[in-house]
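Could you build all of it, start to finish, from the sequences and the hints given here?
Protein chains: 2
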Amino acid sequence: MRVIIDAFGGDFAPACTIEGAALAQKELGVGIVLTGNEDIIRSYIREHDVKFTDLEIIHTDDVISMHDEPTSLLKTHKDSSMAVAFKKLSEGEADAFVSAGSTGAIVVGGTLIVKRIKGVKRPALASMIPSPDKPYMLMDMGANAECRPEMLQQFGIMANAYLKRVEGRSNPKIALLNIGTEDTKGGELQQEAYKLLSKADINFVGNIESREMPKGVADAVITDGFTGNIALKLIEGTASTLFKMIKGALYKNIINKLAALIIKKDLYVLKGKMDSSEVGGALLLGVKKPVIKAHGNSDAKAIKNAIRQAKYFYEGNVIESISQGLESVEE
Amino acid sequence: MRVIIDAFGGDFAPACTIEGAALAQKELGVGIVLTGNEDIIRSYIREHDVKFTDLEIIHTDDVISMHDEPTSLLKTHKDSSMAVAFKKLSEGEADAFVSAGSTGAIVVGGTLIVKRIKGVKRPALASMIPSPDKPYMLMDMGANAECRPEMLQQFGIMANAYLKRVEGRSNPKIALLNIGTEDTKGGELQQEAYKLLSKADINFVGNIESREMPKGVADAVITDGFTGNIALKLIEGTASTLFKMIKGALYKNIINKLAALIIKKDLYVLKGKMDSSEVGGALLLGVKKPVIKAHGNSDAKAIKNAIRQAKYFYEGNVIESISQGLESVEE
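Going down the list, the protein sequences come from chains H and F.
Numbering of the first sequence is given in our numbering, commencing with residue 1 and proceeding in unit increments.
Numbering of the second sequence is given in our numbering, commencing with residue 1 and proceeding in unit increments.
The hints are simulated quantities; they were obtained by calculation from the structure and are not laboratory data.
Ideal Cβ placement from N, Cα and C applies to all residues, glycine included.
Treat the hints with care, as some may be off.
As the list claims (entries may be wrong) - Here are some chain H residues pointing at chain F (derived, C-beta under 7 Å):
1. Glu19
2. Arg211
3. Ala249
4. Tyr251
5. Ile263
As the list claims (entries may be wrong) - Covered, in the sense of this in silico footprint (three residues per stretch, anywhere, with C-beta under 8 Å from a C-beta of chain F), are these stretches of chain H:
6. 141-155
7. 223-231
8. 234-247
Have a look at this one:
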């Protein structure tokens, strides 16, 4: 398989995208297509002696930045490294897409260049969030600030397909994020989505309160993009504030500092596990090809991991499984 | 001043409500009115030798439970300890109200028995949330799952009045919870609320992302009741899950256990500070008298603290200040 990578997306592009792609090729044996300024890419590869066995570069000068309007991907930035990567993906020149660039632009490109799977109302972003035992999926985490109930039903079906095919969870528990467990809780959106999710051919376990979410009791937590985005960043902010306070307690006096020396390593491991609010990149589910949005601050290892996710996404035939899941509801 | 207390609301009622009321009277010199079964209250006071200097008991047999429909407070449970307390409060027999009973019923009783301040569209629940430096207010945290922009504007005005008058913050920073800082972020609700909050005579500092919230950078975070409830419980759930994981790391091996012995006390203090997601009870802002909802699991000390909050709420003339704030917008 071939993965196309927007070499100029992300805070540390193109260094980390090039290095990450090379790492991924070495480890996973995937073909790599990079989009972006060929001179810069070639000279980086030469200067840093980066090894590729199967590399294609598609030259383009322009880059879409985090500050550009996402829809400009289709107009003023239609020749940017991201737009070109999407175009080539849609034309079948690659099997999956990875970018650490603007999330909004990735949603636009996925939806309007790669296009939606037949029957999908709106693609959505899904992330795997760490929890003590195993990560759980949060979806939508920001592609659709306003949602209709049918969209949440589809999110449940898409989450189910991904978790089965890629995460190997045989009967994933799909829950609806709500302010109480009874089916009458929440606003009209939640009440209607509850009914629709109950009808879908998934293991819908009902409403979940946000207090239970971090424990990882559900495999997927479905919500609208506004609430999902608030939740994702709040987990991150709460964890980071707490660790800062713990650090304060550990350095309070000399005795504590001695104790801190001993346990510091284990706490750092924990911090690393929980502080980054997501495991791997975000998935854009509902479009015709695997699209992975890596963190903006991805290093080479994070890019490699995003490419691995793209590989599993592709090999798991998730798109096909989503199609089937959606059809079973429409019938 | 006199505080009326629903003696039979809460998990540990009436023991903790009676004990808490007596503690509050001793410390704060407030007059106490208890509603509920007089025989049970009198015999508890006698058996446990609880001292009151100024106590009135208003007898009623019925109690509204957490499982009862909130609106039943006005019908089948109109003679419950909570309903009677609201009635007497509205008739001027007390100056403030405290209950550890059903949140939904408190919102119903506050809104429909005590009634709204003139001009208030919908009363809302506000909580003070711990943060490293000082607590910040989150509002609405669940009274109104669905909100209109004008409601969020009023929440900002009410939060401002309370923070000035009770918390003594001279120019509190009021922020709107959103998925980005630009004024174009979020759905229609957030975009319109942003405009209205900008027009209000408060120190509106714009949108705040949930990642920044736990740091306490704003004095009040305004949001709809659905998002607020999700946020409140998510902070609680994330902190509690994290502390569980930290505990695991501390007991991993004998060396860690030794270190844990030293720092355990400081971590417990921190846990206590952050784990309970709220400081004190919740405030129902927008009704004609101070109404405090204490935690369902309140012990005597928590009830006493809720009564203290009621006293400050009353003495700060918050209701009057809210009235003035709302009028200044209407003009």
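Three-residue Cβ test at 8 Å for the coverage of the region 141-155 of chain H by chain F = Coverage by chain F holds for the region 141-155 of chain H (3 residues, Cβ < 8 Å).
message = Holds or violated: the hint that H/Arg211 contacts chain F, with Cβ atoms closer than 7 Å.
response = It holds, given that the least Cβ distance between H/Arg211 and chain F is near 4 Å, below 7 Å.
query = For the hint on H/Glu19, does the least C-beta distance to chain F fall short of 7 Å?
reply = violated, 28 Å
ask   = When the nearest CB of chain F is found for H/Ile263, is that gap smaller than 7 Å?
value = It holds, given that the least Cβ distance between H/Ile263 and chain F is near 5 Å, below 7 Å.
message = Closer than 8 Å Cβ to Cβ for three or more residues is the test here. Does the region 234-247 of chain H pass it with chain F?
response = Holds, because 12 residues of the region 234-247 of chain H bring their Cβ atoms closer than 8 Å to Cβ atoms of chain F.
inquiry  = Tell me if the interface restraint on H/Tyr251 is satisfied: Cβ within less than 7 Å of some Cβ in chain F.
reply    = Violated. Min distance 10 Å.
query = Close enough to count: is the Cβ of H/Ala249 nearer than 7 Å to one in chain F?
reply = holds, 4 Å
message = Taking beta carbons only, do three or more residues of the region 223-231 of chain H come closer than 8 Å to chain F?
response = Result for this restraint: holds, n = 6.
Violated hints, in rising order: 1, 4; the structure is consistent with all others.
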